[in-house]
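Chemist: Chain by chain, the residues:
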Amino acid sequence: MTASTRRAFLRSSAFGVGAGAAAIAALGGCVGPGPGAQGASKLHEVLKRGTVIVGTGSTNPPWHFEDEKGQLVGFDIEMARLLAKGLFDDPGKVQFVRQASDARIPNLQTGQVDAIFQFMTVTAQRAQLVDFSIPYYREGVNTLLPKSSPFSGALDMARLGKRIKVSILQNVYAESIVHAAMPEAQVLQFDSAATAIQALDSGRADAAAIDESTVRWLVRQNPDKYKAGGHGWSPQTYAAAVRQGDPTWLNFLNTVLHEAMTGVEFDAYAAAFYKFFGVRLASPPVGFPIEFGARA
Amino acid sequence: MYQFNWRPVFESIGLLLNGLALGIGMALLALAIGCVLGLAGGFARASGPKLLRFAVAAYVEFIRNIPLLLIIYFVYFGLPLVGISVLDNLWSFVLALALYSAAYLIEIFRAGIEAVAKGHIEAGKAIGLSRLQIARHVTIPLMFRVVLPSLGNTFISLFKDTSLASAIAVPELTYGAIRINVNTWRVIEVYAVVGMMYLVTCYAIAWLLRLAERRYSAVH
Amino acid sequence: MDALMTNFPLIMRGLAVTLEVSLLSLLLGTLLGFAGGLAMLYAGPWLRWPARAYVDLVRGVPQLVLIFAIFYGMPTIGAQVSAFTAGVLALGFFCGAHVSEIVRGGLDSIPRGQSDAAKAIGLTFRQRLRLVLLPQAIARILPAWVNTAVEVVKASSLVSLVSVIDLMMAVQQIVGRTRQTLLLYAVAAMLYFLINYAVSVVGRRLERHFAHG
Chain B
1 MTASTRRAFL RSSAFGVGAG AAAIAALGGC VGPGPGAQGA SKLHEVLKRG TVIVGTGSTN
61 PPWHFEDEKG QLVGFDIEMA RLLAKGLFDD PGKVQFVRQA SDARIPNLQT GQVDAIFQFM
121 TVTAQRAQLV DFSIPYYREG VNTLLPKSSP FSGALDMARL GKRIKVSILQ NVYAESIVHA
181 AMPEAQVLQF DSAATAIQAL DSGRADAAAI DESTVRWLVR QNPDKYKAGG HGWSPQTYAA
241 AVRQGDPTWL NFLNTVLHEA MTGVEFDAYA AAFYKFFGVR LASPPVGFPI EFGARA
Chain U
1 MYQFNWRPVF ESIGLLLNGL ALGIGMALLA LAIGCVLGLA GGFARASGPK LLRFAVAAYV
61 EFIRNIPLLL IIYFVYFGLP LVGISVLDNL WSFVLALALY SAAYLIEIFR AGIEAVAKGH
121 IEAGKAIGLS RLQIARHVTI PLMFRVVLPS LGNTFISLFK DTSLASAIAV PELTYGAIRI
181 NVNTWRVIEV YAVVGMMYLV TCYAIAWLLR LAERRYSAVH
Chain Z
1 MDALMTNFPL IMRGLAVTLE VSLLSLLLGT LLGFAGGLAM LYAGPWLRWP ARAYVDLVRG
61 VPQLVLIFAI FYGMPTIGAQ VSAFTAGVLA LGFFCGAHVS EIVRGGLDSI PRGQSDAAKA
121 IGLTFRQRLR LVLLPQAIAR ILPAWVNTAV EVVKASSLVS LVSVIDLMMA VQQIVGRTRQ
181 TLLLYAVAAM LYFLINYAVS VVGRRLERHF AHG
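Chains as they are written, first to last, in this note's numbering: chain B, 1 to 296; chain U, 1 to 220; chain Z, 1 to 213.
Hints listed in this document are in silico derivations from the structure and should not be mistaken for laboratory results. It is possible that part of the hints are untrue.
Which stretches of chain U does chain B cover? Using the computed rule of at least three CB atoms under 8 Å from a CB of chain B, they are [to be verified]:
1) 80-93
2) 165-179
Interface residues of chain B toward chain U, partial, derived using beta-carbon atoms under 10 Å [said to hold, decoys possible]:
3) SER148
4) SER167
5) GLN170
6) ALA174
Some chain Z residues near chain B, calculated using beta-carbon distances under 10 Å [to be verified]:
7) LEU4
8) ASN7
9) SER82
10) VAL175
The model shown is predicted, which means the values in this text are computed figures rather than measured ones. From the three backbone atoms N, C-alpha and C, an ideal C-beta is built for every residue, glycine too.
Use the sequences and the hints to build the structure in full.
Modeler: Now the structure itself:
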């Protein structure tokens with residue numbers, strides 16, 4: 001056989017392999033930017049579709065996590081359901097796309113999801129890439145301590161300087177967050193909240209620096225295993241996010257959130273707030289609009 | 001078009017180089033401990049009592065079929081729960097990697113021991129050496145040449161496996177990449193550099209091993 | 001113990017994901033591996049050198065770095081991949097590099113005489129490969145391929161580090177909720193062992209099947 005027939009054989013089999021490989025890679029997920037809707041607002045697109053597609057995570061209680069039956073539950077989930085209710089009068093008409101934290105912005109930009117409810121911290125850098133809604137929660141960082149810990153909180157531990165080990169989820173501000181309250185502590189970054197908390201449980205870390213809301217949730221779930229540190233710091237705003245350049249959709253989302261926090265849907269919001277954070281919210285005052293400062 | 005910006009990576013090159021050195025160091029330590037276990041286990045499997053042979057074989061089969069990550073988590077998170085919390089994350093990783101490598105090294109040494117011609121052992125017995133002396137002066141030197149290539153390959157594997165230490169926050173090369181990335185988001189540049197560092201190191205080790213093999217493969 | 005019972009469905013789902021990742025990566029890797037091995041042996045230099053480069057590159061880089069590079073790198077060039085896809089691609093490339101070497105070694109080890117004799121009786125390259133070389137090479141390729149399959153299953157645990165909820169991640173989450181660390185790790189170890197044991201058993205059976213002739 002000549003070299004050319006051998007080469008032809010290899011070309012055809014390479015093509016076959018390429019096609020097979022592409023097919024297999026496509027089985028696992030989508031590759032490539034999704035189509036964008038130019039002109040018409042996403043609001044109409046979603047209304048026509050009949051469900052809203054919301055990006056969220058699945059591994060971070062109390063925001064978005066799975067219960068024993070594998071159903072997605074959490075505060076972010078409840079917010080998404082309020083959005084669905086606002087759109088279709090049916091909190092069930094929402095389809096969740098589970099995504100890791102770093103897929104939040106890309107999934108929004110490529111149109112894979114209509115909105116994100118994924119305990120997203122508002123930052124100026126991110127605001128260059130997506131449109132944020134009004135805040136639906138104000139977060140902070142606190143330390144989760146074992147119940148038997150001799151420390152009372154972050155300020156207490158800061159006195160021990162370098163001897164303190166703090167575990168935290170890998171993220172952009174990990175080191176600076178911990179050092180804001182405990183300037184010399186050793187920072188151990190872990191790939192997931194589960195691992196970071198295991199580090200605490202096994203004594204590998206003296207404290208886990210996690211969101212105030214998660215600390216409250218874990219202490220509520222396991223009052224005999226954990227206690228919350230007395231010092232919370234690093235204020236953050238949590239908001240939902242939508243793709244840039246769609247003021248109608250953004251305005252709709254803001255309306256839904258606003259009425260959840262101050263208006264007709266307040267009961268649903270407060271119920272979720274108590275269920276996941278253990279805090280009873282006072283009913284918003286009637287009369288002068290609360291947005292413009294409290295008046296007697 | 002993606003704008004390449006190599007500066008954040010090269011500003012942190014010290015971090016990466018330290019991580020690389022740590023990775024090599026951990027691999028060496030794990031290899032050393034693993035070799036001790038491997039020799040003991042190899043001799044046990046080659047010429048020990050039946051129960052011991054079975055126990056060692058079971059260990060080898062078990063460890064070789066479970067993920068290294070699981071062993072790492074077990075040592076790092078699990079041992080403190082039974083009271084063993086003296087090991088920090090670095091030593092936990094070294095222990096986990098040593099236990100993992102032992103499973104492979106036991107087989108390598110066993111093959112090496114069995115490859116030593118019976119004649120040499122008989123000669124040793126004939127001149128009155130004890131079993132331990134035979135092991136020290138006959139078997140081990142003779143088998144060394146046979147196992148050297150496999151030992152070298154194992155070391156290269158172990159070095160690559162040190163990237164898993166990043167899962168328990170050991171500041172080796174991959175953890176360094178995570179820290180740089182997470183602060184600057186220069187992902188492609190970081191992993192290009194880190195990948196190259198692993199690649200070059202693996203090739204350097206392989207090249208050194210080839211030199212060593214040539215040096216030691218004297219013909220009898 | 002009843003932590004295990006209540007969380008059993010989650011463990012099973014994690015197991016299913018582990019099996020999915022492993023199977024898809026193995027499939028992708030085997031296809032790539034055959035293509036790569038054949039390319040390195042028989043192709044012209046334009047295909048041979050890239051194949052060689054691919055194999056050498058992938059084998060010098062840890063699997064975890066491959067996974068991170070694809071998972072974090074793809075979005076920055078515009079392609080959006082899920083963690084699952086990134087894991088399958090990375091492990092598929094890893095598996096492909098190993099299988100390429102195995103296929104190359106297996107085919108290369110067949111004595112030249114076989115090939116020459118087949119040429120002499122007029123078989124085309126495709127026929128030579130299909131009827132003479134591959135059947136003999138399979139017997140040599142299989143044991144090493146089974147080893148690679150086991151490595152792929154073990155490496156699939158690394159996708160837990162990009163938050164894919166495979167067996168490893170499922171176990172971590174359950175441990176986080178129930179504190180039954182040692183019990184759950186033991187269960188995970190047993191499950192991984194069973195999978196790989198099954199792979200080895202199937203592999204041995206296949207080897208026996210291909211051993212004649």
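Chemist: Compare the structure with each hint and give your call.
Modeler: Do the hints match the structure? See the list:
1. 80-93: holds (count 4)
2. 165-179: holds (count 6)
3. SER148: Violated: closest Cβ of chain U sits about 14 Å from SER148 (chain B), beyond 10 Å.
4. SER167: 8 Å, holds
5. GLN170: 6 Å, holds
6. ALA174: 7 Å, holds
7. LEU4: It is violated, given that the least Cβ distance between LEU4 (chain Z) and chain B is near 12 Å, above 10 Å.
8. ASN7: Hint holds; ASN7 (chain Z) Cβ to chain B Cβ min 7 Å, cut 10 Å.
9. SER82: 4 Å, holds
10. VAL175: With a closest approach of 6 Å, the VAL175 (chain Z) hint holds.
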